[in-house]
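> Can you make the complete structure from the sequences, with help from the hints?
Below, each chain spelled out in residue letters.
Protein chains: 4
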Amino acid sequence: MSGIWGNKIKLSIFGESHGKSVGITIDGLKPGIKIDLEYIRGQMKRRAPGFTEFSTARREEDNFQILSGYFKGKTTGTPLCAIILNNDTHSEHYEKTSDILRPGHADFTGKVKYNGFNDYRGGGHFSGRLTAPLVFAGALCRNILEERGIIIGSRIESIGTIKDKKSFDVVSTDENMLRELSKDKFPVLDEDYCKKMKDSILKTKSEGDSLGGIVETIVLNLPAGIGDPFFDSVESTLSHLLFSIPAVKGVEFGMGFNMTTMKGSEANDEYYMSEDHKIKTYTNNNGGILGGITDGMPLVFRAAVKPTPSIAKPQRTVNIRNEKKEILKIEGRHDPCIVPRAVPVIEAVTAIGILNLMDE
Amino acid sequence: MSGIWGNKIKLSIFGESHGKSVGITIDGLKPGIKIDLEYIRGQMKRRAPGFTEFSTARREEDNFQILSGYFKGKTTGTPLCAIILNNDTHSEHYEKTSDILRPGHADFTGKVKYNGFNDYRGGGHFSGRLTAPLVFAGALCRNILEERGIIIGSRIESIGTIKDKKSFDVVSTDENMLRELSKDKFPVLDEDYCKKMKDSILKTKSEGDSLGGIVETIVLNLPAGIGDPFFDSVESTLSHLLFSIPAVKGVEFGMGFNMTTMKGSEANDEYYMSEDHKIKTYTNNNGGILGGITDGMPLVFRAAVKPTPSIAKPQRTVNIRNEKKEILKIEGRHDPCIVPRAVPVIEAVTAIGILNLMDE
Amino acid sequence: MSGIWGNKIKLSIFGESHGKSVGITIDGLKPGIKIDLEYIRGQMKRRAPGFTEFSTARREEDNFQILSGYFKGKTTGTPLCAIILNNDTHSEHYEKTSDILRPGHADFTGKVKYNGFNDYRGGGHFSGRLTAPLVFAGALCRNILEERGIIIGSRIESIGTIKDKKSFDVVSTDENMLRELSKDKFPVLDEDYCKKMKDSILKTKSEGDSLGGIVETIVLNLPAGIGDPFFDSVESTLSHLLFSIPAVKGVEFGMGFNMTTMKGSEANDEYYMSEDHKIKTYTNNNGGILGGITDGMPLVFRAAVKPTPSIAKPQRTVNIRNEKKEILKIEGRHDPCIVPRAVPVIEAVTAIGILNLMDE
Amino acid sequence: MSGIWGNKIKLSIFGESHGKSVGITIDGLKPGIKIDLEYIRGQMKRRAPGFTEFSTARREEDNFQILSGYFKGKTTGTPLCAIILNNDTHSEHYEKTSDILRPGHADFTGKVKYNGFNDYRGGGHFSGRLTAPLVFAGALCRNILEERGIIIGSRIESIGTIKDKKSFDVVSTDENMLRELSKDKFPVLDEDYCKKMKDSILKTKSEGDSLGGIVETIVLNLPAGIGDPFFDSVESTLSHLLFSIPAVKGVEFGMGFNMTTMKGSEANDEYYMSEDHKIKTYTNNNGGILGGITDGMPLVFRAAVKPTPSIAKPQRTVNIRNEKKEILKIEGRHDPCIVPRAVPVIEAVTAIGILNLMDE
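Protein chains in written order, with our numbering: chain A, 1 to 360; chain B, 1 to 360; chain C, 1 to 360; chain D, 1 to 360.
Keep in mind the hints are simulated off the structure, nothing from the lab.
Any given hint could turn out to be false.
Capping the alpha-carbon separation at 20 angstroms, the derived lysine to aspartate or glutamate pairs in EDC-like fashion look like this [what the hints assert, rightly or not]:
#1 C:K263 - D:E53
#2 D:K324 - C:E270
#3 C:K165 - C:E146
#4 B:K325 - A:E275
#5 B:K263 - A:E207
Only some residues are given here: those of chain A computed to face chain C with a beta carbon under 8 angstroms [what the hints assert, rightly or not]:
#6 T75
#7 T76
#8 N115
#9 D119
#10 H125
#11 T161
#12 L202
#13 S206
#14 Y272
#15 M273
#16 Y282
If you anchor each label on the Cβ, the simulated ranges turn out as follows [claimed, not checked]:
#17 B:T52 - A:E331: 38 to 48 angstroms
#18 D:K45 - B:K74: 32 to 42 angstroms
#19 D:K185 - B:K324: 49 to 59 angstroms
#20 B:T52 - A:K34: 56 to 66 angstroms
#21 C:S172 - B:R179: 52 to 62 angstroms
#22 B:E326 - A:R41: 43 to 53 angstroms
#23 B:R148 - C:P223: 20 to 30 angstroms
#24 B:K74 - D:K185: 38 to 48 angstroms
#25 A:N87 - C:H90: 27 to 37 angstroms
#26 D:G149 - C:G208: 54 to 64 angstroms
#27 C:P223 - D:D99: 18 to 28 angstroms
#28 A:N87 - D:G32: 46 to 56 angstroms
Think of the CB as a built atom: it goes at the ideal place given N, C-alpha and C, for glycine as much as any other residue.
Right, here's the structure in full:
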């Protein structure tokens, strides 16, 4: 079991969906960094459940309390621990149905791994609720990165089969546009397609079903030279964190899988010297990373988010205690599409990963 | 800089392409494990350069020497170090051209990261040659896993735009077929398409260009319950290692990116109780992993390998010393397509990752 | 800054003396372990301040709250976080005097390390108060070890210049005696000398001065074969943790420094085969450890605890802001001798270290 | 089993006494550091066996080969691996006697830990020979520290019952004297007592017995502010490494165990402002460390080295295979006193530990 990650910025995460609280300890922050609590609250609200019709009805304010490492408005340099209390829990439901395995969830694998001793209520430690402390830590790291001019932003590239009509300019991305996207609760480049995506989610919700999607993220103004190969390449570091987010099933950098259909002469990003004497590339198929190290071009990656496994439609499953077949209709309160709430989580782990690599 | 990976099985990798040797220390192996050196040699030959027309002409036998941790045919339980000497190096070429940045390579990023002090000959520490010790370590781990009945195999799913016509059965994969693939130097399910892929590589080679491709890997007979979320999920662990392999730009598990176009009711893998009282799923869209933990179904993932950046075609670049434009034609000896040689490397890191998670 | 320790049992500690709380996250506990909360409370009371005349008057109940990883009376296998709120803080005093460096404390070194941003109130993160979460974690680990028959106990070997008259039998230590000592708040073998030590502390207290001492600890029933050399020997693991305890300035195993005055023929512990076919040694000069690995004999070590630096006697110091000389008389509430309260902390880190090595 | 240590400067050690080689990989060195190979050779000669009458007759030149991470006389920033071949091995002896447990050695504990699969020849991985790569790594780190003005030196404080008559001035240690000591193969402050120690060793050798001793080490010119509490204090870091050295059984910082007999008013190091506006202490009882962090005063510690367990005198032991009693007379070639050869090892791990803490 490892709730600990990192070498320079170290995270220690804890909590269960229906326990007293979820939380995180961040170790390795430099002392004297001013923290903008309003900024962090803003990011947490982007993730918090219960505030839009695309999310679960479980409403959590996700107010955090900083327990340590923070003094007179600044980091102390000692471990900073923050907790987020769980309030709106309806645990009774889970007590009754804990033996009926929900397809697509960690009910079965969690029971096997923990010999049945794990807290099964609301997914326990596997709950998406654990991403609240991740967003806290990420917002804090992001706050630090922004002071250095580094901007992280994302768009929802697709929801189900609906793809955004516009594309990012991955060679010279517009900073202001990226900043705007990073505040948006449903960031899509093309407005019409944004509406189509939303309509699609509501329709699917009404059918008792769910949708997934793809999130594309860009990081601007990273200096060249970040990343620690052999093993701690930028790709290794970010993918490690991205795949920790429940529901992420694929990660690709730059042109990713599509790069395999290009020839070397098409895929290679050729160099030129810019007017301000910086080495740049004409294209950015490698997504700003060569040899596992940033090359100064925008960092670009995509993450695949699977459709929420909790659906109202009847599903075939088994009762793990008596081995009997069951037809399960999940009632409770669930997200018809987790993608919009995944965006701030993806951005959060990106900030954590980047700061960890930069401050080494 | 991190050449160290792992918590239970720990790797420490070292070496440069044109230095004295490359090597690896494996820490955490249990004592008394019989090692089949012939088996390891077989895996290393799958990766070794110079033996097929699809690979570089640099010919290295990749003979390894075990320096420690191995006594009377068995592991001692103390760190096992193996080195592979570099023999067929032509370093002169690199001395002359070290300031001209090869597009798609780590020449530029390596120079920035190491302030120009890195060994640039043949890519130095960034060379694909570093995968030789990885294959050694992986073959050793795989040897151990096979004793436990665990089988790892792959197929080349595509080379460039040519896709294998057949598909893996990811619900009940044939063990023997997978074993056969795992010995093959160019494993494709459909023979005709295998030939088409090979022809395509040779044609591209003759044009002074290169190709990439996708490798699909399956691991059979893994017990349910492996993986250490929150941070060390199976996906996080394997993607971390896979993205350490030079040229890998995308990783997806199960249906991966395609899962985002499915609805929850299609994507969820429904449960049933098998006749031998095992909990199984009808489909395997999640690729054998739920909540970051194995569920006992075949583990399935795909890795995108970009086209080899070393090509003979002229490319625009700059000389980093005098900032002048250059047109570069890479001569030397290079792989027109690295995908076949990437297969044993992908399987190697898979074995390492799995053993690290299992022996925890 | 590292508040994280361990590889199998991982600790993440946080908090400051006058902040909201101190706490600890314990990662890597196996699932399904029954935890005896009363037992933990008992150990925490041995350390808690304000209950004897030998300790500071700051009275803290040290009630802990478990936030995660604990469900239906048992560990879940996911990270277990516990916090202990700070109640009886008198912070005003520290605000006024924060620039006057207290000799023997971390005031100066903390200010340098954290550029003046650390929480200076009550020693902040350097406070002995951080040992409360350590005792929590240690009591939990000890609870687990006791189920396996492993007993940890200590005696105060000396306070100042007063040495206990009796000695431990380090070859065949009495289990029951050790168990009794492990509940005692002032464990000394000889009753008369125990009283002398106490009198000495009270006398020194009345003089506005403080005392240190030596704690000797024994662990019984450890199997042979525990310890992970080369670097993670039993001595390395335990000394690392012991020197994390504020005030510990020396650690020795077995005969320790006195072993340097013995000849090899005297120091070597000769072997014999016991009646129950166990390999034992006639003597135990090596303190139950050979080559960094337990040999099945009682594990024995001693830790030197320096006199409490907070004293009422006037001391020469400087004001770090204006660089002026100062004569400092520390008023506040302080322990005239920290040794009795250090005993449960030493035992706690011993339990943590041993469990971490055993569960590998 | 952990042959890996460190977080910024990471070591990975491997090898056995009678295997092909011993070696070490050092990860995390900054690129472009000029390495003085002669300096390293000099340190390795201080440790190498067979060159004085106080050491074993096994003569090893301890010539090292750097395999990676070193290019054109400087570090590359990638992992630096060095190996030292084993030459003068007489393994036959060990084959015959491998079941007879040598008292004071790791024969028994090694067999238990590795289920009998460890390489028992010459102590295998537990051999003092593993300190050769440690001295290599340490000399390299020390070379780097010296460029920053940091000086490490030691004296043998005692051999057996003979104590050096002079003492270090721990408040203002003479730099030149310390530098001289650091080249000496038998560094003692008082010349007469140095001779007495040597005579004592030769006499004990003639009796077929062995001696131990205490080494006192000082580090000069360390800036204040180094050390990473809570867990990675200077004391924790150094003691962890020191106790990895075979034969070390005690470690104390500053006044160490003797500090327990002082009152707070005597033990506290009072502050004053020096003429060059540095905060200094009148005394240095804390050995340059407060709260686990350096305070700018000389760093002082002592390590207890037990007498070599290999002695010619008859000892009682057992044959682990047939459980029979044996009387063992160790023939072979052994050090009558390991203390002089331990000095460069102690200094080496000190340099490693300090550089690891400084470069964080």
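> Each of the hints needs a verdict: does it hold here or not?
Status of the hints after comparison with the structure:
At most 20 angstroms may separate the alpha-carbon atoms for a hinted pair to count; K263 of chain C and E53 of chain D meet this at roughly 18 angstroms. The hinted pair formed by K324 of chain D and E270 of chain C meets the criterion: a straight-line CA distance of about 14 angstroms does not exceed 20 angstroms. Proposed proximity of K165 of chain C and E146 of chain C is contradicted: the alpha carbons are some 29 angstroms apart, above 20 angstroms. Restraint check for K325 of chain B and E275 of chain A: the C-alpha separation of about 13 angstroms stays at or below 20 angstroms, so the hint holds.
Restraint check for K263 of chain B and E207 of chain A: satisfied, since their Cα atoms lie roughly 11 angstroms apart, inside the 20 angstroms limit. The beta carbon of T75 of chain A comes within 7 angstroms of a beta carbon in chain C, closer than 8 angstroms, and the hint placing it at the interface holds. With its C-beta approaching chain C no nearer than about 5 angstroms, T76 of chain A sits inside the 8 angstroms limit, and its interface hint holds. Among the interface hints, the one on N115 of chain A holds; its C-beta lies about 5 angstroms from the nearest C-beta in chain C, closer than the 8 angstroms criterion.
Hint status for D119 of chain A relative to chain C: holds, with the closest Cβ pair at about 4 angstroms, below 8 angstroms. For the restraint placing H125 of chain A at the interface with chain C, the shortest Cβ-Cβ distance is roughly 4 angstroms, inside the 8 angstroms limit, so the hint holds. Interface hint at T161 of chain A: violated, since its Cβ lies 36 angstroms from the closest Cβ of chain C, which is beyond the 8 angstroms cut-off. With 8 angstroms as the threshold, the beta carbon of L202 of chain A stays out of range of chain C, its nearest partner Cβ sitting at about 35 angstroms, so the hint is violated.
Of the supplied interface hints, the one on S206 of chain A is violated, with its beta-carbon coming no nearer than about 36 angstroms to a beta-carbon of chain C, more than 8 angstroms. Checking Y272 of chain A against chain C: minimum C-beta separation of about 42 angstroms lies over 8 angstroms; hint violated. Hint status for M273 of chain A: violated, given a least beta-carbon distance of 39 angstroms to chain C, over 8 angstroms. The criterion of a C-beta within 8 angstroms of any C-beta in chain C is not met by Y282 of chain A, whose closest approach is roughly 43 angstroms, and the hint is violated.
At about 58 angstroms, the beta-carbon gap between T52 of chain B and E331 of chain A misses the expected band of 38 to 48 angstroms. Evaluation of the 32 to 42 angstroms hint for K45 of chain D and K74 of chain B yields a pass: the beta carbon distance comes to about 36 angstroms. K185 of chain D and K324 of chain B have their C-beta atoms about 56 angstroms apart, which keeps the hinted 49 to 59 angstroms range intact. The given range of 56 to 66 angstroms is respected by T52 of chain B and K34 of chain A, whose C-beta atoms sit roughly 59 angstroms from each other.
Checked against the hint of 52 to 62 angstroms, the pair S172 of chain C and R179 of chain B passes, with Cβ atoms roughly 57 angstroms apart. The beta-carbon spacing between E326 of chain B and R41 of chain A, approximately 51 angstroms, falls within the hinted interval of 43 to 53 angstroms. In this structure, R148 of chain B and P223 of chain C meet the distance hint of 20 to 30 angstroms, their C-beta atoms being roughly 26 angstroms apart. The supplied range of 38 to 48 angstroms is met by K74 of chain B and K185 of chain D, whose beta-carbon atoms lie about 40 angstroms from each other.
In this structure the supplied range 27 to 37 angstroms holds for N87 of chain A paired with H90 of chain C, their Cβ-Cβ distance being about 33 angstroms. Take G149 of chain D and G208 of chain C: their Cβ atoms lie about 41 angstroms apart, and the range 54 to 64 angstroms is violated. Roughly 21 angstroms separates the CB atoms of P223 of chain C and D99 of chain D, a value that falls within the hinted 18 to 28 angstroms. Under the hint 46 to 56 angstroms, the C-beta atoms of N87 of chain A and G32 of chain D, about 55 angstroms apart, fit the expected range.
Of the numbered hints listed earlier, those contradicted by the structure are 3, 11, 12, 13, 14, 15, 16, 17 and 26.
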